[in-house]
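**Q** These protein sequences, in sequence, are chains A and S. One rule links them: number in our numbering = place in the first sequence (from 1) + 28. One rule links them: number in our numbering = place in the second sequence (from 1) + 974.
These aren't lab readings, by the way, just hints derived from the structure by calculation. C-beta atoms are modelled at their ideal positions from N, C-alpha and C, and glycine is treated no differently. Mixed in with the good hints, there may be bad ones.
As the list claims (entries may be wrong) - List time: in silico SDA-like cross-link candidates among lysine to any residue, alpha-carbon distance up to 25 Å:
| no. | chain 1 | residue 1 | chain 2 | residue 2 |
| --- | --- | --- | --- | --- |
| 1 | S | Lys-1178 | A | Gly-171 |
| 2 | S | Lys-1214 | S | Ile-1027 |
| 3 | A | Lys-66 | S | Gly-1067 |
| 4 | A | Lys-148 | S | Arg-1024 |
| 5 | A | Lys-72 | S | Cys-1204 |
| 6 | S | Lys-1214 | A | Asp-89 |
| 7 | S | Lys-1093 | A | Asp-89 |
| 8 | A | Lys-78 | S | Gly-1067 |
Unchecked claim - Computed, partial: chain S to chain A, Cβ under 7 Å:
| no. | residue |
| --- | --- |
| 9 | Gly-1050 |
| 10 | Leu-1131 |
| 11 | Ala-1135 |
| 12 | His-1142 |
| 13 | Gly-1146 |
| 14 | Leu-1165 |
| 15 | Arg-1200 |
| 16 | Glu-1212 |
| 17 | Pro-1213 |
| 18 | Ser-1217 |
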Amino acid sequence: MKKINTTVLAAAVALTTFLAAGCATEREHHASPEMMKKATIAVKRDFQEKGIAKMDRVATDKLQDICNRSGDNPSPEMAAMLESEQTTTLKLPADGNYMGDWKAGEKLAQSGQGLTWNAKAGAPNGGNCYNCHQISPEELSYGTIGPSLLGFGKTRGYTSETQKYAYAKIYNSKAFTACSAMPRFGHVGALDEKQIKDLVALLVDPKSPVNK
Amino acid sequence: MKYRIAIMAALAVTWTGSVLAQAKDPTIAGIEKYREMLGDDNPAELYEARGEILWKKAAGPKNVSLEKCDLGLGPGVVKGAYAKTPRYFGDAGRVMDIESRINWCRETIQGFSTADIVKKPFGSADKPSEIEDLLAYVVTASKGMKISPPNSHPKELEAFALGEALFHLRAGPYDFSCGTCHAVDGMRIRLQELPNLTKTADAKGAYTGWPAYRVSTSRLHSMQWRINDCFRQQRFPEPKYMSESVNALITFLAVMGEGAEYKGPALKR
Chain A
29 MKKINTTVLA AAVALTTFLA AGCATEREHH ASPEMMKKAT IAVKRDFQEK
79 GIAKMDRVAT DKLQDICNRS GDNPSPEMAA MLESEQTTTL KLPADGNYMG
129 DWKAGEKLAQ SGQGLTWNAK AGAPNGGNCY NCHQISPEEL SYGTIGPSLL
179 GFGKTRGYTS ETQKYAYAKI YNSKAFTACS AMPRFGHVGA LDEKQIKDLV
229 ALLVDPKSPV NK
Chain S
975 MKYRIAIMAA LAVTWTGSVL AQAKDPTIAG IEKYREMLGD DNPAELYEAR
1025 GEILWKKAAG PKNVSLEKCD LGLGPGVVKG AYAKTPRYFG DAGRVMDIES
1075 RINWCRETIQ GFSTADIVKK PFGSADKPSE IEDLLAYVVT ASKGMKISPP
1125 NSHPKELEAF ALGEALFHLR AGPYDFSCGT CHAVDGMRIR LQELPNLTKT
1175 ADAKGAYTGW PAYRVSTSRL HSMQWRINDC FRQQRFPEPK YMSESVNALI
1225 TFLAVMGEGA EYKGPALKR
């Protein structure tokens, strides 16, 4: 009996956490799947390449299509399938080392540069992290679209599992939440292995201001 | 030019002052101070004044003025026309925002080529475009009126539905849609507050916030420009000027912002 109660309680806690997380990112979306399909056709007709932004960018992939059609709310089965597919594309560092230099990570987190049509081809992209997340306590100009990452390593533990989780999440957030608002930085090649390692260090290195 | 110097001077003074006085974003503090100094004045008035002259001047290959242009309320009616756009225009067979409609008149009445207009749609600080002048004149003539796009013709309803879908379309290297940032209450990018454009309260302010004179660029920006720059930041390719997609998005925003009182071109940092 006691065991059942614990299970029920754990499930209730998990559900509450899930709902709270769901509500925080819930977006109003009333467009029908048919209209979303029309929109994918309209952008192919009404957009044009400019600078580095070519038309292949509006050729949506399977994950984008399903998120678009479901209003970012796929069925649990569909979400699990997408997450599993995205997980298989994860490329973790061959050397098994996830940590870089947190100072380089901080610089990268600050930069919102890259991938716009007026960005230079081949120039390194920024991480855009502060646009959406609170990270180091010194930086007060942070966005709130994503959760606060203050104390990331301290809270989760300075373990290789935490490092690996951070690396994978930055590499492809959709491996964890199918229709997450966060870009798939490694998956699309916006950030390379060294850059992601530097960001992991910013989050998980005990010396990083994030964990002070 | 006089305005630009005044703006820069005002910003320089207030920037220094606000940095010393408070931790508030110096740019925001500067523009607030600058707004106070201007009172009801806005450099957009220069655009409006030039626009009125342009509107009434014979020009183009056909050498006629735009005074017979039908902005939706009948030939020659400028007052209140902007507040009732975007709308379906039978002669063009499509839904147009005010900027598309003014350019339609420039083509059909004055004989300008749309192909030429589309080549360089947006002006720069040193070389304002005529459309921005004309636009300032036309929108200012709806000052004090309520934003009320008709949203009743089947084509208008279709434009709204397409605009809404485009607003939520995730694509590009970052999987962003307009809604990634603009469909949730109370979010920020850095310190910039993001209006939830799917809710009337925020949409009213956002829709009437364009066209706007931007101090940081020293020029007037249209809603067509605003949409264009959103897609740049979304990492999309470029939306074609006056295309069905852009007009659909503007229709969506206008309908969401319905009922807002229009106060004339805005002033932004």
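**Q** Hints broken by the structure, by number, lowest first?
**A** Hint check: 2, 4, 7, 8, 9, 10, 15 fail, others pass.
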